[in-house]
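Whenever a hint applies, use it, and build me the whole structure from the sequences.
Okay, so the sequence shown: first residue is 1 according to my numbering, each after it adds one.
Think of the hints as simulated: they come from the structure by calculation, not from any bench.
Within a straight-line C-alpha distance of at most 30 Å, the following computed DSSO-like cross-link-like pairs (lysine-lysine) qualify: (1) 662 to 526; (2) 411 to 401; (3) 389 to 45; (4) 771 to 614; (5) 771 to 662.
Per label pair, the in silico range of CB-to-CB distance: (6) 207 to 683: 46 to 56 Å; (7) 683 to 777: 29 to 39 Å; (8) 651 to 705: 12 to 22 Å; (9) 452 to 621: 29 to 39 Å.
From the three backbone atoms N, C-alpha and C, an ideal C-beta is built for every residue, glycine too.
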Amino acid sequence: MAKIKHHNFLNTVHEVFTDAKKAGVLHLYAGGNSFSGRTIEVDGKELYHFGTTGYLGLEQDSRLKKAAMQAIDRYGTQFPLSKSYISNPLYEELEASVQKMYGHPIVITKNSTLGHLGVIPNVVDDDDVIILDHQVHWSVQNAAKQLKSRSVPIEMIRHNNLEMLEEKIKKYRHSKKRIWYMADGIYSMYGDYAPVKELMSLSKKYQQLHFYFDDVHGMSWTGRNGTGYVLDILGELPENVLLFGTLSKTFGASGAVLVCSNASMYDKVKTFGGPLTFSAQLEPASVAAANASAEIHLSPEIYRLQSDLRQRIDCFNDCLSATELPLIDRNESPVFYIGTGMPKTGYNFVKRLMGEGFYVNLGIFPAVPVKNTGVRITISRHNGKREIKALVKAMAHHFPKSLEETGTNAKRVSHAFKLEPRTQSEPKGSPEFIMEVLDSIGQIDKTEWNRFMGGQGVYDWEGLKFLESVFQDGVRKEHNWSFRYVVFRDGNDTPILMTFLTRSLWKDDMLANATISKVIEEEREKDPYYLSSTVLSMGCLFTEGDHLYWDGSHPLAEKAVNSFLEFMEGQERSMGATMTVLRDFPENSPLNGSLFGHGFLRVQMPDSCTVDLKGTSSIGNYINQLSSRNRRHFRKDIQPFLGLTNCKVRSNLTVEEIGQVKGLFTEVQSRNLGLNTFPFPDRLFDGMNENPLWEFIVLRPMDQLDRVIGVMFCYNNKRQVYVPAFVGMDYSVLETFATYRQLLYATIERAIVLGLPKIDFGMTAAFEKRKLGAEVRHKYAYLQTRDNFILEMLGVMEGQQ
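Structure, rendered in structure tokens:
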């Protein structure tokens, strides 16, 4: 759905984190000279700590501290040697104790991230396949991606979707040796569980199915000997399950543990596990603390500790049930998530709670969909029931204030998380301006629309009238668009904001890497709508340019934007769209901050190109004004071919010619996987042929004048811009006649003849357009979704052949 290449994704995360950091809720530093676990000092203020993952509080246990200090005194701060050679003196005891806890062979790792990197590439063979739950921890996904270099297929399913999982199993059951499903036992944001029992039933049906569970958040606070949620459900560990636990977080020390009952697989990992072989081993203090914790886990004391925590979890659940706070998943884990929807509401809520004396975590992209920002609260044995009740009271008081202060409401939060709203009050409208919503351009004054929205692209009044005639009442659903025209006016009837929206079917990989689209297109040969989604977009799939008029200097400008974004949320729901996309914005758009705060992610679009023709009297004059390098390009790569072809501008084509240019466009479109869209309907071309605002620049070989080898489909709004909307070419003679370069040159020549001051050359092929004097501009889109699945799936596929 978006151009989430590796660098683009990281830039997006950086922007989101920077925004949260500026709000003072991320990348904080704890203060103070000591730490009890019950409170934490932030900015000189002591806050009750509801953000720890040390759920049992063992990291503050005096026995673990004493063991760690003694180990440092006896063995030093580290044991600087690979564990493959020799382990520090405390390791043997730790491995024996942890193995006794689980009752199965174990491997101790430096941490879970390095553990996954060591284990997954080792146990997954080249003839296996990996299926990821799309909410499985990043460290698992990252380790799985290492197998792309070995051509191991990696698939992804929606969270806990067993039906989708079974479809993937059926896809590979006859071609792959083992099918690995990788998931968390307890998910770290919402605290929800993997459906372990149902998954085991599925494995009885499909013998190739193997499981890789990361249960670090299920560790210690539940299960026999504190061995976690997954093993508690399983009872015994089958040979088709690899289980990861942790010696940090609730266990109170450092490190992670792999549990494996398959003897040959265990031996393979133990003998050589990549980072497990070459990385430094755990420090003596960590091993000693883990030994002290293991002793507690192997004693009846662990069940008393679990019971103490359970009482606090029950207390928190009981207090929450008496409020209207949007708890996203009610369960018995120590992890709770209160949804806020928009990031700016989450920032506000966290700051308010900190002001009341409570530290909580912000849940933000990419850990959750950006539209599902919220507050993650963790309960530990450090928390007293008095402060638990006080926290709930503070949340119930400040949550509606945060909503009001950030211009949202409980209903919008409920919709963002697909919850049943517990309060049905409608959002208050603003009497300061009027919002008009129309479903046809014919209902809008032509002069006013063209004044604010004309002069660029194919979306002046006449252009939209044409698009409505082509993309409505289509036979195929990808050719059937819904249009909405939105105008916000002040009390004097002056427009503050104006735009148009379309609801249409997009390919999810529309802006993904071409190698990804190539793989997906193979699936679409069987299912043409595979990985496609209904999208609510500003502008449409046919247009490019500044689709939004917004008077940023108007006193009501900010309120108009906020109301417009709320309106779009409602339209997304009523139109059944899964994503909202706003486009095309410059890099330094004044709306950046507002859109980030409303839960939009910014992704880079293909560069757009324009040509400035002001004051240009002829094509010769234009060429002479180019740089010396670009003039050489013209003389070498274009001019020699001009005599080989016949180039004519046609306002109408014959039936035979229409058939030829349709085929040429299809040839280009099928190859342009970097901007992968559904084909346009045939009636588009017939409509162009009948519409006086469209014309065709047609290229033919001089010795075959009945053959069209290239065509530029151009829109002339007879005002300020010439729009070569798209191109068709015969690739078999592309280099013979320099077809594309000739068409670009002919387009510039035609615009000069028409006396138009600008050409909108659109997206893609920026390198060729730049060589003919086009100005290249970076464009960005903002997308909003409640579901990271598509973004993460495309990220997993990136680079996969």
